[in-house]
Amino acid sequence: MGAHRPGNAPPEGRQMSHDPAHSGPAPAVGPVSLGPEAHVMVGNADKFINWCRKSSLWYLLFATACCGIELMQTGASRYDLDRFGAVFRATPRQSDLMIVAGTITHKMAERLIRLYEQMPEPKYVISMGSCANTGGPFYKDSYCVVKGVDLLIPVDVYVPGCPPRPEALIDGILKLQKIIEQKRNFAAKA
Amino acid sequence: MEPKAIFEAVKGKFGEAVVELQEEGFRPAFVVVSPESVREISLFLRDDPAMKFDSLMCLSGVDYKDRFAVAYHLHSLEIGHRIGVKAYLPREAPSLPSVDGVWPAANFQEREAFDLYGIVFPGSKDLRRILLPEDWVGYPLRKDYKYPEFYHGIKV
Amino acid sequence: MKARAEALPTQEMLINMGPQHPSTHGVLRVILRTDGEVVVNARPDVGYLHRALEKIGERVTYAQFMPFTDRLDYLASMNCNAAWAWTVEKLAGIEVPERAEYIRVIVCELNRISSHLIAFGSFTADMGAFTPFLYAIRERERINDLFEDICGNRLTYNYVRIGGVSADLPDRFLEKTKEFLDYFEPKIPEYNKLISYNKIFVHRLANVAAISGGEAVAYGLTGPNLRGSGVSFDLRRSEPYSVYPKLDFDVCVGTGERGTVGDCFDRYMVRINEMRESVKILRQAIAQIPGGPVMAKVPRAFKPPVGEVYFRAENPRGETGIYLISDGTVNPYRLKLRAPSFVTMNIFEKVTKGLMIADIVAVIGSFDIILPEIDR
Ligand code: SF4
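Heads up: the protein sequence lines correspond to chains X, D and B, in order.
For the first sequence, our numbering begins at 9 and goes up steadily by one.
For the second sequence, our numbering begins at 9 and goes up steadily by one.
For the third sequence, our numbering begins at 3 and goes up steadily by one.
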């Protein structure tokens, strides 16, 4: 989806995967000889890596409370989050993205940190809903709700709402994709 | 059976252990009993053919500032009547016999009362904190509870 | 068997399931002691979502607590809203206009359908069939649309007020609901064709974790879980409140259709059948709804009289009871929420003894528990 935007993945890459006659090896970076028929694309490695990363954001199914239902519905019929390359995984070891959907209590805090640590790098966090952002409706009077998940783990995108609509969550994921696009994977030469 | 009749019957059986009937403003009405006899009275209420309170709807701790209480709401599926039973406890070391042998449904709710009020139920199958972590300090639903500042280094 | 066990000594294993697990419906943790695949003991550990609703209730006013009831059981927010309103009205003796009562019943029954849809969908997904889940969500989205029309939100509605409802139904709402019912009713047999009588599905549920009627009552099971055990008890019928006495419906009970009475399959089937009954109730309510105001006169600084009241309502997960103590001020003095899922978890340890590990998921799903209700 993001590939239609300017400045994204090189168009040649798209072409190749769409052309059945040329379903050859995976798009490579740099001058590689693949025979006279093959298309070769030359591009920026950063761009390519980021394009791969942002187009397959596998998120951890981490639904603790009400927002989790909206997360579920975003992933199911009608909103179909799979369109953006985001599918849910049940284990942190296979996920790139943690969508913290719901209230985090002090009893849960330790487990949340452990789950985060189990995720492989690079990892991203979306904080979904007021509870994960700030403690939400429980900010003032609750003695056991953590007042924002950013006290525990670093957060990339905050999605406001109680609960956020599926559209809002999708917007959050698109924002995260923008963040990933801008990442520099190779340090510039001194 | 009407609350009045239930009260009379329990009073007739247990005498001193039954303190009063709270009726005005209470729905359902409460039979107030002394804490030591809660278990016997519960057994009677469950097994007596005229009572048959086979279901414990709700068990709650209450903090009345000067004293604690445990309130039981009972219902009989067979006969279809309801009654409340209440036992007042002192603020220091509140404790009363567990009824989870009478109604197994009581277990979790007793643990909850223990967790949030610090009321101890001797004779319970398993009395541990249930909702809060094991190392939580204090009993949050007490009226004089002070919120902690930090828990495990995280601001509360 | 015995000889083999001696030849091959096995050790008990401790397995931790949750709090992050796809089929525990949230953050339930179960500590399993197993002997191979057989569960020796499964001990639930709850409280990972304890948000202190009862304490909050003592610090806010009666009207302010309404949004928190949404979060008590977010799959049945309307039912919880209404239960809170009915409790306070019972305490204060407020007469609610009849139209408002009808509206409440309509939204409650719609919410019951959408809650049972999630129960059905996520249960089948837990059992390994993902497609029915998508079907269930497809229907649920339409109910969400209806609720969005009424109150602007998809999940946490905050629509019911003490003394009535916050606003009258929008234009064409009743027609739209009727359209939805016409669309939805034929879907129930479709679900049955799709999965309910699927051989594998039945095999995984029939005769698993059967609970007898007497046990269910003693352990405080309510709602579909109690009825699954063959006990015909529905608060809408036995302790009628609101306008339910004017509506005609059947109480669905488990019959041991494919196994024993009170097994996982019965509990599942009760929910499927209840959706049909809800459709029936909705049709009648739509036909009967009178005109008139939707809100009684309730003062802004609302102070109910001193007293104690226990009210219970039949919610999708069972009896939601509210024990409310008022000391005559603007804040409740004590508020105990008796949540059906919490009490249901009592029996979990007992029924799971000797089952297979995979059955644990079936039991959790068939109880249709929801975590905020367990932990509150
Ligand atoms: S932000 Fe609102 S909807 Fe989301 S978990 Fe918190 S209370 Fe529930």
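Do not rely on the hints blindly, as some may be mistaken.
As the list claims (entries may be wrong) - Which chain B residues face chain X? A few, computed with CB under 8 Å, are given here:
| # | residue |
| --- | --- |
| 1 | VAL29 |
| 2 | PHE135 |
| 3 | LEU157 |
| 4 | PHE251 |
Since the hints were made in silico from the structure, they are not lab data.
None of these values were measured; they are calculated from a predicted model.
Idealized CB from N, CA, C, for every residue including glycine.
Here is what the structure says about each hint:
| no. | hint | in the structure |
| --- | --- | --- |
| 1 | VAL29 | 5 Å, holds |
| 2 | PHE135 | 7 Å, holds |
| 3 | LEU157 | 5 Å, holds |
| 4 | PHE251 | 27 Å, violated |
Checked against the numbered hints listed earlier, the structure breaks hint 4 alone; every other hint is satisfied.
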